[in-house]
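> Listed here are the chains, written in short residue letters.
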Amino acid sequence: MAAPSPAPAPPVMSAAVTAYALHVPGDKPGTLPAALRGPACDGPEAAELLGRKGLLAKDQATRLALCAVHRALGRPPRAPRPTGPADPGAAVVVSSNLGNVATVAKIARETLDQGPRAVSPMDAPGASSNVIAGAIAIWFRLGGPNLTVCSGATAGLDAVRLACLLLRAGRARRVVVVGVEPDDADAALLHAARAGVPPGVPLRAAAACLVLEPAEAARAPVIELGRFAGREDAPAAWTPGELAGDLGDTYGAAGVLLTGLAVADVEGGGGPTRVICGDPEDGRRELLVRPR
Amino acid sequence: MPVRIAGSAVRSCFGDGPATFAALLRAECGARPLRHQDPARSGVEYGYEIHDPTPGPFRASAWLADCAREALAAAGVDPAARRTTAIVGTGLRELPAVEAMAVGEARFRTESLHFGAALAGAVPGIGEVHTLAGACSAGGHALALAQDLIELGEADAVLVGGTDAMTVSMLAMIGRVAETPTTRVRPFDADDHGVLLGEGAVAVVLVPDDPAGSAGAAGRAGHVRLLGTGLSCDAWHETAPDHTGILRAMRDAFDRAGRAPGDVGVVYAHGTGTALNDPAEARALAELFGECDPGPLVTAVKGAVGHTSGGSALLSLAMAVHGLEAGVVPPVSGLRRPLPEAAGLRLVRDAPMRTAASTVQIDAFGFGGVNAVALIEAA
Numbered sequence: 001m002a003a004p005s006p007a008p009a010p011p012v013m014s015a016a017v018t019a020y021a022l023h024v025p026g027d028k029p030g031t032l033p034a035a036l037r038g039p040a041c042d043g044p045e046a047a048e049l050l051g052r053k054g055l056l057a058k059d060q061a062t063r064l065a066l067c068a069v070h071r072a073l074g075r076p077p078r079a080p081r082p083t084g085p086a087d088p089g090a091a092v093v094v095s096s097n098l099g100n101v102a103t104v105a106k107i108a109r110e111t112l113d114q115g116p117r118a119v120s121p122m123d124a125p126g127a128s129s130n131v132i133a134g135a136i137a138i139w140f141r142l143g144g145p146n147l148t149v150c151s152g153a154t155a156g157l158d159a160v161r162l163a164c165l166l167l168r169a170g171r172a173r174r175v176v177v178v179g180v181e182p183d184d185a186d187a188a189l190l191h192a193a194r195a196g197v198p199p200g201v202p203l204r205a206a207a208a209c210l211v212l213e214p215a216e217a218a219r220a221p222v223i224e225l226g227r228f229a230g231r232e233d234a235p236a237a238w239t240p241g242e243l244a245g246d247l248g249d250t251y252g253a254a255g256v257l258l259t260g261l262a263v264a265d266v267e268g269g270g271g272p273t274r275v276i277c278g279d280p281e282d283g284r285r286e287l288l289v290r291p292r
Numbered sequence: 001m002p003v004r005i006a007g008s009a010v011r012s013c014f015g016d017g018p019a020t021f022a023a024l025l026r027a028e029c030g031a032r033p034l035r036h037q038d039p040a041r042s043g044v045e046y047g048y049e050i051h052d053p054t055p056g057p058f059r060a061s062a063w064l065a066d067c068a069r070e071a072l073a074a075a076g077v078d079p080a081a082r083r084t085t086a087i088v089g090t091g092l093r094e095l096p097a098v099e100a101m102a103v104g105e106a107r108f109r110t111e112s113l114h115f116g117a118a119l120a121g122a123v124p125g126i127g128e129v130h131t132l133a134g135a136c137s138a139g140g141h142a143l144a145l146a147q148d149l150i151e152l153g154e155a156d157a158v159l160v161g162g163t164d165a166m167t168v169s170m171l172a173m174i175g176r177v178a179e180t181p182t183t184r185v186r187p188f189d190a191d192d193h194g195v196l197l198g199e200g201a202v203a204v205v206l207v208p209d210d211p212a213g214s215a216g217a218a219g220r221a222g223h224v225r226l227l228g229t230g231l232s233c234d235a236w237h238e239t240a241p242d243h244t245g246i247l248r249a250m251r252d253a254f255d256r257a258g259r260a261p262g263d264v265g266v267v268y269a270h271g272t273g274t275a276l277n278d279p280a281e282a283r284a285l286a287e288l289f290g291e292c293d294p295g296p297l298v299t300a301v302k303g304a305v306g307h308t309s310g311g312s313a314l315l316s317l318a319m320a321v322h323g324l325e326a327g328v329v330p331p332v333s334g335l336r337r338p339l340p341e342a343a344g345l346r347l348v349r350d351a352p353m354r355t356a357a358s359t360v361q362i363d364a365f366g367f368g369g370v371n372a373v374a375l376i377e378a379a
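Residue numbers (this note's numbering), protein chains in the order written: chain A, 1 to 292; chain B, 1 to 379.
Hints may contain errors.
According to the in silico footprint, chain A covers these stretches of chain B (three or more CB under 8 Å from chain A) [unchecked claim]:
1. 14-27
2. 30-36
3. 84-97
4. 148-156
5. 165-174
6. 228-235
7. 366-372
If you're looking for bench data, these hints aren't it; they were derived computationally from the structure. Cβ atoms here follow ideal geometry from the backbone N, Cα and C, with glycine treated the same way.
Modelling step: build the complete structure from the supplied sequences, incorporating the hints.
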């Protein structure tokens, strides 16, 4: 038993994880828990899950993100997209550092090689770094605050943190949090140029989605953020290094992906689990996932 | 609960905050032939650049770092002494470096794409630095979350930043979709449409609004309060705005601020000069202020400073603070004949107008349908 903390614990933010999905293309058996492996796809086969309409111009990260949200929301394959007014109480927070770099790099090369008429207006949304969050909002009719976090290795848990802030501030009743990175050639080049990642750990395309609601509103595993006075000895921790050997590095997706794994552990009967993400350059963040 | 705007700092094509506000009052236009970009690549010849005699990489970071130091000094806030978080809104991050890499011109540490290291170096003691990509309303979203952090006791002060330099890719897209090339931005103009990018950075320091006066100990108190910022996402189209989504953000701002549209004396509109934004925004404003007689004065800064993307909301905010302090509203630079949708709006034209108004609305909308509307008030 840990000794009681001598000082009053600082306020802790919490939220319930009412749904989640991990979407990691090509994961080897044994890397992710079997129950979490699904039809993970990022190419044209994403249409098998999402339906064909509207996918053509989407980049790899956006397709991965849409698949993860589709699965987290429990929608059947090729279910018709929601219609009607957007839900103003449903927010979207995306964490991604490299999601649109391929589009930006492509446009830069096209303009240099062939001049301005060579670029396609279809690529216009991808020139802006918030393209994924906007696409999720449109696809699933989510009209609440819409954020994209690009803070590097901490971005995944920063996104969870900001999602909790949206709930606490009464800006949303439900937040769809997505961590996602692609693995195209430009993204891989940038990943290799990170100072904060050990050499030789490859970038891995992945998406993960958590649906967060106020902790008191739902019967589901709970995440807690804040300072973990008295909790430093929580028995297990998911860290990026734990998956690096099998999975590679998922960078901005890592915090959300690891939180999803911890939620799966807790749902499987496990005790409180710490989740840690970050690197020596960008800093470190952590949270706790516990049973209700 | 309102928070206090304790300090701000600006970089635009005109220079610092006072220089930029003076240019607005003169209805100047800062657009020039582009010097740091090659029109043969982007198809765009004009823009509102910050002219650097010796342009290096990572210009958006450098401007932001300068603004952060200045704004914190103006506010009297020492990040080493108080829990100070930073939230930076940006449309394009440091994507100019990615574009240079793509054509073989640069190698750099990927961490430089976001603003954590730039701010940690510029303002020692700063806590967490969040980089939010939110297109042209990113700064407004940062402002909203900053107020939440203070209200919920998670930070003692927040440095809110917005910064963007031009990218070839965004210029090329703007050029590609323009009906005809343009040489300047004319917000709410009926005859001339088209947006041009601006470059700029803004930093604003928020602190708790302490009526007991301890704000003095916590930082030199500014004269203006941030009442609240409303957020919404259209969830309708990736690049075209929707007036119902815009209205939701406006109404959210009034709900959070505890004010009614009739309280507002001045609106700093988003006003991009495009055929998509301006009619949608004018329609939303007409609906919001439909019951108000005579309704607020409406101005917009982009005719003077261009579209500064992630910095845009905070640049309008900083100019609105200058305006409140001076009791004056700058005119819309470049406006000749207003759009039919804006016929009922009291657009400020040609020359500044004096006003005793104490409550100001600031609009910002962006790609992805992301909307942020802030309300500020003279203290």
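> Output the numbers, in ascending order, of every earlier hint that fails for this structure.
1 and 2
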